[in-house]
Amino acid sequence: MANITNTPESAGSNLMARALREAFYAGLVALGLFVLFVGLKTDQNILNELVLVQRWGLLAVFVAIAAVGRFLSVAFIRPYLAERKASKASAGVKEPGFVTRNFSMIAVAILLVYPPIMVAIFGFQGSLKWVDNFGIQILIYVMLAWGLNIVVGLAGLLDLGYVAFYAVGAYSYALLSSYFGLSFWVLLPMAGIFAALWGMILGFPVLRLKGDYLAIVTLAFGEIIRLVLINWTAVTKGTFGISGIAKASVFGIWSFDVSSPNNFAKVFGLPMSSAYYKIFLFYLILALCLLTAFVTIRLRRMPIGRAWEALREDEIACRSLGINTVTTKLTAFATGAMFGGFAGSFFAVRQGFVSPESFVFLESAIILAIVVLGGMGSLIGIAVAATLMIGGTELLREMEFLKHIFGPDFTPELYRMLIFGLAMIIVMVWKPRGFVGSREPTAFLRERKSVSGSFTKEGHG
Amino acid sequence: MEYFVQQLVNGLTLGSIYGLIAIGYTMVYGIIGMVNFAHGDIFMLGGFAALIVYLVLVGLFGGIPIALALFIMILVAMLMTGLWNWVIEKMAYRPLRGSFRLAPLITAIGMSIALSNFIQVTQGPRNKPIPPLVSSVYNVFGISISLKQIIIVVVTAVLLTIFWYIVNHTPLGRAQRATEQDRKMAALLGIDVDKTISITFIMGAALAAVAGTMYLMYYGVIVFTDGFTPGVKAFTAAVLGGIGSLPGAVLGGLMIGLIESLWSAYFTIDYKDVATFSILAIVLIFKPSGILGRPEVEKV
Chain D
1 MANITNTPES
11 AGSNLMARAL
21 REAFYAGLVA
31 LGLFVLFVGL
41 KTDQNILNEL
51 VLVQRWGLLA
61 VFVAIAAVGR
71 FLSVAFIRPY
81 LAERKASKAS
91 AGVKEPGFVT
101 RNFSMIAVAI
111 LLVYPPIMVA
121 IFGFQGSLKW
131 VDNFGIQILI
141 YVMLAWGLNI
151 VVGLAGLLDL
161 GYVAFYAVGA
171 YSYALLSSYF
181 GLSFWVLLPM
191 AGIFAALWGM
201 ILGFPVLRLK
211 GDYLAIVTLA
221 FGEIIRLVLI
231 NWTAVTKGTF
241 GISGIAKASV
251 FGIWSFDVSS
261 PNNFAKVFGL
271 PMSSAYYKIF
281 LFYLILALCL
291 LTAFVTIRLR
301 RMPIGRAWEA
311 LREDEIACRS
321 LGINTVTTKL
331 TAFATGAMFG
341 GFAGSFFAVR
351 QGFVSPESFV
361 FLESAIILAI
371 VVLGGMGSLI
381 GIAVAATLMI
391 GGTELLREME
401 FLKHIFGPDF
411 TPELYRMLIF
421 GLAMIIVMVW
431 KPRGFVGSRE
441 PTAFLRERKS
451 VSGSFTKEGH
461 G
Chain G
462 MEYFVQQLVN
472 GLTLGSIYGL
482 IAIGYTMVYG
492 IIGMVNFAHG
502 DIFMLGGFAA
512 LIVYLVLVGL
522 FGGIPIALAL
532 FIMILVAMLM
542 TGLWNWVIEK
552 MAYRPLRGSF
562 RLAPLITAIG
572 MSIALSNFIQ
582 VTQGPRNKPI
592 PPLVSSVYNV
602 FGISISLKQI
612 IIVVVTAVLL
622 TIFWYIVNHT
632 PLGRAQRATE
642 QDRKMAALLG
652 IDVDKTISIT
662 FIMGAALAAV
672 AGTMYLMYYG
682 VIVFTDGFTP
692 GVKAFTAAVL
702 GGIGSLPGAV
712 LGGLMIGLIE
722 SLWSAYFTID
732 YKDVATFSIL
742 AIVLIFKPSG
752 ILGRPEVEKV
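Going line by line, the protein sequences match chains D and G. Numbering-wise (our numbering), the first sequence opens with residue 1 and increments by one. Numbering-wise (our numbering), the second sequence opens with residue 462 and increments by one.
Watch out, some of these pointers could steer you wrong.
[Said to hold, decoys possible] These stretches of chain G come out as covered by chain D in the derived footprint (C-beta under 8 Å, 3 or more residues): (1) 465-476; (2) 523-532; (3) 644-658; (4) 691-697; (5) 730-736.
Because the hints were derived from the structure by calculation, they are not lab data. The model shown is predicted, which means the values in this text are computed figures rather than measured ones. Cβ atoms here follow ideal geometry from the backbone N, Cα and C, with glycine treated the same way.
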């Protein structure tokens, strides 16, 4: 474009020359980056001393991948993307199809029939993995992310210590059920209330803080809760955690304990299997998720929800209009924390075991990443992000066939978090506003106009 | 009294390491307003680079003098992490510049996860112990000061002086401060903003690498998760001092180091991090923009 006299051929050869040059530099940089960390490996010998193992072949592979990747990117992928962008800009806007319009309804319907389908395909034992590791695991993160979404997505308060409330919920259930023998259905609301209380306790000191100051104090709060759980061994049993947590029952009518007389399988005369409990838990967490979504959707239409969103967009304007920012922030923290507490007590019931290991900062980071990757404030986007990120990393556990390609020493699980981290970066660079990026105003005059992304600033706390 | 002074010395050493890392946080925050969460892992990377260089040196020349070895370790680690941070900034943060606030934070968290797991995958998950590099201990008025503590404090002081000079008295420093104040205006006045930001990342990484080498020398062991706790402490230090302020970062680092060692000495070691974080929260309640931070004036 810049040089009109260029014929297409010379432009092509220029491009190739540039691609080759950039590939060379990329290889050089990759060599510099990886020479110490990939080329050499520190290993312990029999005397327990560190020795170096040389892996120049692997280093060569890394460098080659970087160079070839750069070459392909400059020579082919970028021109293709530029072309596609140009053609896309000229095309008109498409009407959303049936699936897009009714996405949430279809998703809920699929989730409702998910366990029976899995049982039909894999049998009771085989379905355990799919219902438990995928279904329940993903839904827990969906619920946590929806809970955090109230704080970060709606109220715009950056919370890096959300896992603290999850921990409070889990430990409330674990401790109260093992010390006082209370049932799940009594403790579920109590766990929520406790977590909400802790949300208020965190909320008070941070009312004046903004942005990154808020972020670091919430992070510190999460760490404090975890450290107390580790060190207060008299109550929490420290790093050993609390095991043998009682199972939940179907509203006290049917139990899932094998020894109890009203055991679910016995009452209905079914063969014994642990799958019933998992399927019950699946529907339980699904119900909790739907409750979270319902409350969020309803709250957004209430004055408090409107106040949250106003707070996110502009705190000064919000205060000028007479909105009490203190109660607004506190309710956001408390409501978000309450759902974290619900999820926590569900987590304790599902694992039967809680330890401080489960409530590290990484969990907060994952939940926050899901909220942001999903497009803050969008419930569907967040659910999609949770499914992709958590389901994707769970899938890596199943990649046994990779062992046949890379040899028996290859353990895909080792690469799980590495790939998760890289995926976070790639998705963010690719779609900075998340999967569902366009936010629509909830309050509008006469007609709904979409808000241009550049007009709104989000997450400034 | 001697016990108290002894703890002060220990706290000062620890605080120097935190201060060196905190400068990286505070500079990057000052210049592009983003919390570089991966900075703690850059520090860990620096420690690992120093470890591997040390092993290479010992393998090639058995009886290399320790002073020379340390010098080469620091130098290579600085170059190495500088290169890493340069590439990271270019690939992961630059495309998101001008995007909304949380986007770079999320990539930084992703980068932090990726870096620590990269080291776990390539170097193995176990602790990496090395024999003590420097072991002499001096006794001054009943207080034992080890040579490594002296090295740490002296190296930190020298680096901070160099650094302070660069930021305040060189064209590069002027470009950095200009970019920090108003990026668009700086660009209009002919400052290469991208280059300045890159250099800031490289400088922060180099200081983190020095901190990593010092950490390796002081504790004699490093593991792939070591980036997190010192990283969070250094971030805490930067915020405590007032994020964006260079003297604040050093002051915050020293404060955190002192709080930690005094608390462990007089109360219980179990709750030292709880104490650190609680003091952070209390300070921020009364001074919401840190000790030396300027209160933000909001223009409407």
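query: Can you name, in rising order, the numbers of the hints this structure does not satisfy?
result: 1, 2 and 3
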